[in-house]
Each structure stands twice: as structure tokens, then as C-alpha cells.
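Given next are the chains, with one letter for each unit.
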Amino acid sequence: MSFLEKLKPDFWDYHDIAAGSHKRLFNFRRMWKLTVFLTAGVALIPLISLTVVDYHVTQRSVASENLLRTARLVSNTRRSVFYFFEERRAALEFLVRHYTFAALNERGTLDRLLKDLKESFSGFTDLGLIDPLGYQRGYAGPFDLLGVDYSLQDWYREVCKKGIYISDVFLGFRQAPHMVIAVKRSLPNGSFYVLRATIDTMKFQGLLSGLEMAGKGDAFIINRQGILQTPSLYHGRALQKLSLPVPEHAPKTRVFETKDANGAPIIIGYRYIDDTPFILMVVKQKRGLMKAWRETRTELLIFLGISILIISGVVIWMATYLVNRIFIADQKRIATLHQVEYSNKMASIGRLAAGVAHEVNNPLAIINEKAGLIKDLFVFKKEYAGDEKLLGLVDAILASVKRAGTITKRLLSFSRHSEIRIQHIDLKELLQEVLGFFEKEAEYRSIDISIDVAPYTPVIESDRSKLQEIFLNLANNACLAMENGGHLNIRIAPEGLKNVKVTVSDDGCGIAKQDLDRVFEPFFSTRTRQGGTGLGLSLTANFVRELGGEITVESEPGKGTTFTVILPVAMERKEGNNT
Amino acid sequence: MRVLLIDDEEELVSTLAERLSFRGIDADWATSGKEALEKAAITSYDIAVVDIKMPRIGGIELKRMMSRQHPHMKFIFMTGHGSEEDFRTGSEEAGAEYYLVKPVDIEELTRKLKKVMSRQGGAQ
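For the record, the sequence lines run as chains A and B. Read in order, the letters of the first sequence correspond to residues 0 to 578 in numbering that gives the first Met the number 0. Read in order, the letters of the second sequence correspond to residues 0 to 123 in numbering that gives the first Met the number 0.
Incorrect hints may have been included.
[Stated by the list, open to error] With a straight-line Cα cutoff of 30 Å, these simulated DSSO-like cross-link-like pairs (lysine-lysine) come out:
(1) K111(B) <-> K380(A)
(2) K512(A) <-> K344(A)
(3) K33(B) <-> K558(A)
(4) K380(A) <-> K114(B)
(5) K380(A) <-> K113(B)
(6) K380(A) <-> K344(A)
(7) K408(A) <-> K111(B)
(8) K344(A) <-> K52(B)
(9) K401(A) <-> K113(B)
(10) K111(B) <-> K439(A)
(11) K331(A) <-> K114(A)
(12) K388(A) <-> K33(B)
(13) K408(A) <-> K113(B)
(14) K381(A) <-> K114(B)
(15) K33(B) <-> K380(A)
(16) K465(A) <-> K111(B)
(17) K111(B) <-> K369(A)
(18) K408(A) <-> K52(B)
(19) K52(B) <-> K401(A)
(20) K52(B) <-> K33(B)
(21) K113(B) <-> K369(A)
(22) K114(B) <-> K401(A)
(23) K52(B) <-> K465(A)
(24) K381(A) <-> K33(B)
(25) K369(A) <-> K33(B)
(26) K558(A) <-> K512(A)
(27) K380(A) <-> K408(A)
(28) K369(A) <-> K114(B)
(29) K7(A) <-> K331(A)
(30) K381(A) <-> K113(B)
Worth flagging that the hints you see were computed from the coordinates, not collected in a lab.
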């Protein structure tokens with residue numbers, strides 16, 4: 000909290016009560032907020048929008064690049080797989096066209112052909128020759144299948160109908176995955192025969208597993224019922240049911256996004272391989288594919304974060320700096336306004352005071368003379384002499400006139416601007432002279448008066464009579480505030496190089512907090528009953544200001560009051576003021 | 000010693016004159032510059048106590064006029080305006096012997112009048 004308090008600029012909690020609303024041009028906090036939000040908005044909104052747009056564009060392009068790559072992979076692999084079947088089909092096709100049934104049925108022909116096929120094309124396991132009735136007439140291979148009747152089997156019916164048959168993959172007797180390709184040779188006389196070959200599918204398993212794919216890619220073949228024809232890395236073993244649904248038939252390569260059984264996003268590319276029961280599928284984990292994108296995204300977000308931090312920092316600093324400047328300027332403006340207002344007020348009070356004093360002075364003089372005459376009559380004329388009571392009354396009138404005279408004199412000196420005469424003044428000497436007036440009183444009331452002078456206190460240039468008036472007033476106030484046996488301490492010390500500070504402290508009754516602000520106001524007095532005019536401190540403050548100084552007051556009720564007067568060591572000389 | 004008191008307040012000057020007479024000073028009075036000039040033409044006064052601020056003919060102007068006709072005459076100024084120090088500067092140029100601030104203290108006025116007289120007597 001205290002750290003925040005320290006950071007808080009001066010203008011944040013500023014409320015100028017004295018100046019009134021019409022004199023305050025600016026709401027600084029609002030101005031600061033407006034500056035910060037507008038500047039930050041103008042700088043950050045385009046930055047954030049650009050980043051968001053870039054984010055989406057990059058993400059989309061990475062995603063579409065992934066789809067495209069998958070599609071390419073699928074169609075290339077499809078070609079390889081397709082040619083694998085096509086090659087073997089074409090080889091069998093060639094054999095049935097080249098050899099007649101009789102030639103194939105000759106002893107040793109099939110064995111020789113199987114050997115040649117194994118050498119030319121990999122994967123052939125056995126060869127069988129079937130007559131139109133469905134009996135296997137010739138066989139070359141590891142098993143004894145001669146004479147087997149295939150006429151009722153589905154594949155035989157299909158090859159008779161379509162001329163070619165490619166089977167699903169199945170586990171052979173040796174638990175190795177196999178498939179069957181059969182071709183039919185129709186003769187011009189309407190007869191036909193069928194050549195059947197079993198092919199080990201390990202070869203095209205290798206074709207698929209050898210594919211290099213990013214992002215946990217998986218390429219495999221399924222049949223139309225969704226049974227895996229080749230093993231898959233992540234979606235089931237060979238001849239098991241695929242954990243994903245079978246994609247719908249499409250004449251061309253197709254790529255789409257979906258979710259796997261665990262809910263992870265995947266990209267699936269597939270192609271129905273023509274003339275076979277097979278569907279080639281490539282499944283990729285989207286997460287793995289987007290890894291590069293995620294790195295880019297992290298960089299992008301770090302860049303954005305740092306930019307926002309820097310921009311916000313600069314904006315806040317700038318706004319605070321500028322508004323503070325304006326605030327200081329405004330403060331100065333208000334202070335000047337106050338000063339002008341104060342001087343005007345003092346001038347009007349001065350004029351009013353002079354007018355009143357002057358008007359009151361004449362009747363006062365008459366009262367004075369008339370009362371004086373009465374007194375004279377008592378003193379000088381025998382017929383009036385001796386009446387003590389009347390004499391007492393006249394003395395009371397004269398005393399009151401004298402008091403009224405003091406007030407009018409003060410009022411007049413209030414409005415007066417007599418010339419300042421600058422002299423070199425030793426403050427200690429001057430204060431001793433002033434305190435001389437209080438010697439008697441201090442003695443009677445056993446008030447302790449002391450003057451401390453700090454070393455190196457310079458002699459100052461100032462107006463002697465004004466200084467006398469200032470300190471006479473302050474000392475007088477202190478004496479009035481103190482009970483018998485009080486202490487009055489005056490301290491003189493240098494204040495920086497250019498000023499001297501004089502503090503006048505008493506341990507008297509003090510000044511109430513609510514009165515503290517008003518003690519320098521003219522006609523403000525707490526001693527009106529004891530004959531205070533309320534002009535003393537106001538005059539004192541005026542004089543201090545005239546001498547280019549400052550006066551402040553600190554007080555605690557019951558403990559005492561300290562007036563601090565700061566006076567410049569050197570006065571600015573005006574023309575004709577030289578001593 | 001003959002003294003002429005001049006002030007536009009008749010009540011003031013008449014009382015002052017009477018009070019001075021108790022103190023052995025023979026004082027006459029006038030309430031305007033014009034009247035003062037007339038009285039001075041008839042009677043010879045040693046000292047004039049003049050209020051600086053008076054309607055029509057002011058104290059300083061009156062002094063100039065009277066000094067021309069009666070070069071031996073001395074002047075004491077009175078004022079109800081400003082403090083002693085304040086009008087000292089103004090009246091010094093006018094060449095007054097003394098300057099008093101109203102309300103005037105009768106004992107002080109008496110002392111000053113006697114001082115002026117004794118100086119004049121000493122000089123003559």
C-alpha cells in the first residue's frame with residue numbers, strides 16, 4: 000500500500016477547495032485517465048488486431064497445409080498400392096493369355112511359372128489352375144490342394160462373373176497375412192479357365208509402414224467392412240476392426256478432420272482403391288502436426304505481451320509526467336490568483352480602514368479635548384476642584400480615547416505603504432532592543448526570556464523599523480499568551496545560504512486548530528475582550544511579506560505557539576532606497 | 000507668546016485654546032486658512048499650530064502664505080491622517096518645527112510650544 004502511495008502522483012487526490020469550481024480548469028485524474036486510455040487504445044488496438052489476424056491466418060494456413068500434405072501422401076501411396084495389385088494382376092493376365100489350359104496343365108509348368116513369378120515379383124506363394132467346373136486341375140505351392148472343388152465358393156462365382164477377383168486379406172495356414180488374386184481366361188468357344196494366385200501381403204505392409212509421416216502419422220488399408228488389412232500403429236492390429244468409422248465412398252482422394260475414440264483431433268485422408276475391396280487410409284494426430292504452429296504462436300504471444308507492457312509503461316509514464324507538469328503549472332496559477340486576490344483584499348481593507356480611522360479620528364480628538372478641558376477645570380479652577388469621582392470619570396474617558404486612538408493609528412498604518420529603508424541589521428542586537436520593552440513586564444511576571452543565536456548567522460539587509468514592529472508584535476503576543484513564569488525563546492539561525500530563520504516560541508495557551516489558519520487575517524482576534532484589535536498579526540505578516548520573507552505558525556493548545564519568520568539575507572534594492 | 004491654532008473643527012481648536020490658557024499660553028484660534036490669514040494680519044503671532052488637512056487652503060499652503068507675510072513665525076503641524084513617521088517626511092520639506100498626531104496630547108503640545116519659544120527667545 001505504502002509503495003502504491005509513493006507511486007501515486009501529486010495530482011491524484013488533489014481537490015482545490017479554496018479556489019472554487021470555476022477556477023479549476025482541469026480535472027487531473029480524469030485528464031490522466033483520458034490520456035492513458037486514448038493513447039494506449041490508439042497504440043494497442045491496431046497491434047492486438049494485427050496479432051489476432053496474423054494468428055488466425057497463420058493457424059489457417061498451417062492447417063490447410065496439413066490437409067494438403069495429407070491428401071498428397073494419400074494419393075501417392077494409393078498409386079503405389081494400386082500398382083502393386085495391378086502388376087500382379089497383369090502378370091497373371093499375361094500368363095492366362097500366353098498359355099493355353101493344356102499348356103498350363105502340363106506337369107511342371109505351374110511350378111516353373113511360380114518360381115519365375117517369385118523371382119520377378121515378390122509375394123507370390125502359390126498358383127492354382129481351375130477348370131470351368133470349379134475343380135483345381137493344377138497346383139504349385141506348399142500345400143496339397145489338387146482337385147479341390149471351388150465351384151460353390153463366392154470368390155469363384157465372382158471371378159466367373161467379373162473376370163477378376165481380389166480377396167480380402169486373411170491369415171494363411173502359417174498365420175501369415177495373405178490374399179488371393181484370380182483371373183479368368185474366356186475362350187472363343189465359350190469355355191474358360193481360371194488362374195488363381197495367393198500373395199503374401201507383407202510386401203505392401205512394408206510399403207505402408209515405410210512412409211515417413213510427421214505428427215504420429217499412421218497409414219493402413221481396410222476393407223469395406225472396416226477390417227484392418229494391414230497393421231496400424233495406433234488404431235488396431237491386422238484383421239481387427241478399425242476403431243474409426245469407415246469413411247463413405249468417394250471417387251477421389253478425400254481429407255477431413257474429425258476426432259478419434261479418445262476425443263483427440265485427427266486428420267483423416269482416404270482413397271477407395273479401384274477394382275479392389277480396399278480403402279487406403281492415412282490418419283494423423285493434429286496436435287503433433289500443429290507443434291510448429293504452437294511454437295510460432297508462443298513467440299507471437301510473447302512478442303505481443305512485451306509490446307503491450309512497453310507501450311503501457313511508456314504511455315502511463317508520459318501521461319503522468321505531462322499531467323503532473325500541467326498540475327504544477329495550474330498550482331502556480333492558483334497560487335498567483337490567491338496572491339492577487341489577497342493583495343486586492345488587503346488593499347480594500349486598507350482603504351476602508353484608512354477611511355474609518357480618519358473619520359473617527361476627528362470626533363475622537365474633540366472628545367479628547369473636551370474631556371481634557373473638564374480635567375483642566377478640575378485641576379486649575381478652585382470652584383471645580385476636589386471632586387475625585389468626576390475626576391475619575393474623566394480619566395476613564397481619556398483612557399478610552401487613548402485606546403480608540405491606538406486602534407485608529409493601527410488601522411492607518413495598515414493602509415500605509417511607507418518606503419522601505421534598507422540597512423545592515425544585526426538581528427541579535429535588534430531583538431535585544433525590542434525585548435528591552437518587555438524587561439519590566441517579564442520581571443514582574445517572572446517570565447524567562449532567552450535569545451539563542453546559531454553560529455555563522457549573517458548580518459542581514461532589511462528595514463529596521465519594520466523588523467522592530469514585527470518582533471515587537473510577536474513578543475507581545477507571546478507575553479499575552481503566557482501565564483506568569485512562562486518561557487519565551489527566540490532562536491536565530493541561518494536557513495540555507497540566502498535566508499535567516501527567526502523562531503519565536505512560547506509555552507503559553509496555544510492557538511486552537513480551527514483558528515490557526517486565520518491568525519494572519521485582519522480583524523481576527525481571540526482577545527477582543529481584552530482589547531485586541533485583530534490587526535497585530537495581520538500587520539506583522541504584511542511587513543514580513545514586504546521585506547521579502549515568509550511567516551508561518553505552529554501551535555498546540557495548552558503547550559505553546561511557535562512563529563517562524565524567514566527573512567532574506569539580501570533585499571532586492573529598489574531605486575532610492577539606499578541608506 | 001501668542002499662538003494661533005488653525006483647524007477646521009471649531010470644537011477642537013476652541014477647546015485646545017482654552018486648555019492652553021490654563022497652562023499659561025495665550026492662544027487664539029481660526030477654523031480656516033482664510034480666517035487665519037485675516038487674524039494674522041491684525042495680530043502678530045509667534046507660533047501657528049496648523050492642521051495639515053483642511054478644506055480649501057491646506058496646512059502646508061497656509062504656511063507658505065503666512066511665512067511670506069510673517070517671516071518670523073514658527074509652525075507646528077497636526078494631522079489626523081497617518082502616523083507621525085508618515086507625515087514627518089512630508090512636513091519636513093515644508094519646514095515645520097514639530098509635527099503632532101491627533102488626538103493631540105495637551106502636555107506634549109505645551110512642551111513643544113515652550114521649547115519653540117525658548118529657542119526663539121534664545122536666538123533673539
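Verification of the supplied hints:
no.	hint	in the structure
1	K111(B) <-> K380(A)	24 Å, holds
2	K512(A) <-> K344(A)	24 Å, holds
3	K33(B) <-> K558(A)	63 Å, violated
4	K380(A) <-> K114(B)	26 Å, holds
5	K380(A) <-> K113(B)	22 Å, holds
6	K380(A) <-> K344(A)	52 Å, violated
7	K408(A) <-> K111(B)	22 Å, holds
8	K344(A) <-> K52(B)	27 Å, holds
9	K401(A) <-> K113(B)	24 Å, holds
10	K111(B) <-> K439(A)	29 Å, holds
11	K331(A) <-> K114(A)	110 Å, violated
12	K388(A) <-> K33(B)	43 Å, violated
13	K408(A) <-> K113(B)	27 Å, holds
14	K381(A) <-> K114(B)	29 Å, holds
15	K33(B) <-> K380(A)	34 Å, violated
16	K465(A) <-> K111(B)	28 Å, holds
17	K111(B) <-> K369(A)	21 Å, holds
18	K408(A) <-> K52(B)	17 Å, holds
19	K52(B) <-> K401(A)	22 Å, holds
20	K52(B) <-> K33(B)	14 Å, holds
21	K113(B) <-> K369(A)	22 Å, holds
22	K114(B) <-> K401(A)	25 Å, holds
23	K52(B) <-> K465(A)	27 Å, holds
24	K381(A) <-> K33(B)	38 Å, violated
25	K369(A) <-> K33(B)	25 Å, holds
26	K558(A) <-> K512(A)	13 Å, holds
27	K380(A) <-> K408(A)	33 Å, violated
28	K369(A) <-> K114(B)	25 Å, holds
29	K7(A) <-> K331(A)	20 Å, holds
30	K381(A) <-> K113(B)	25 Å, holds
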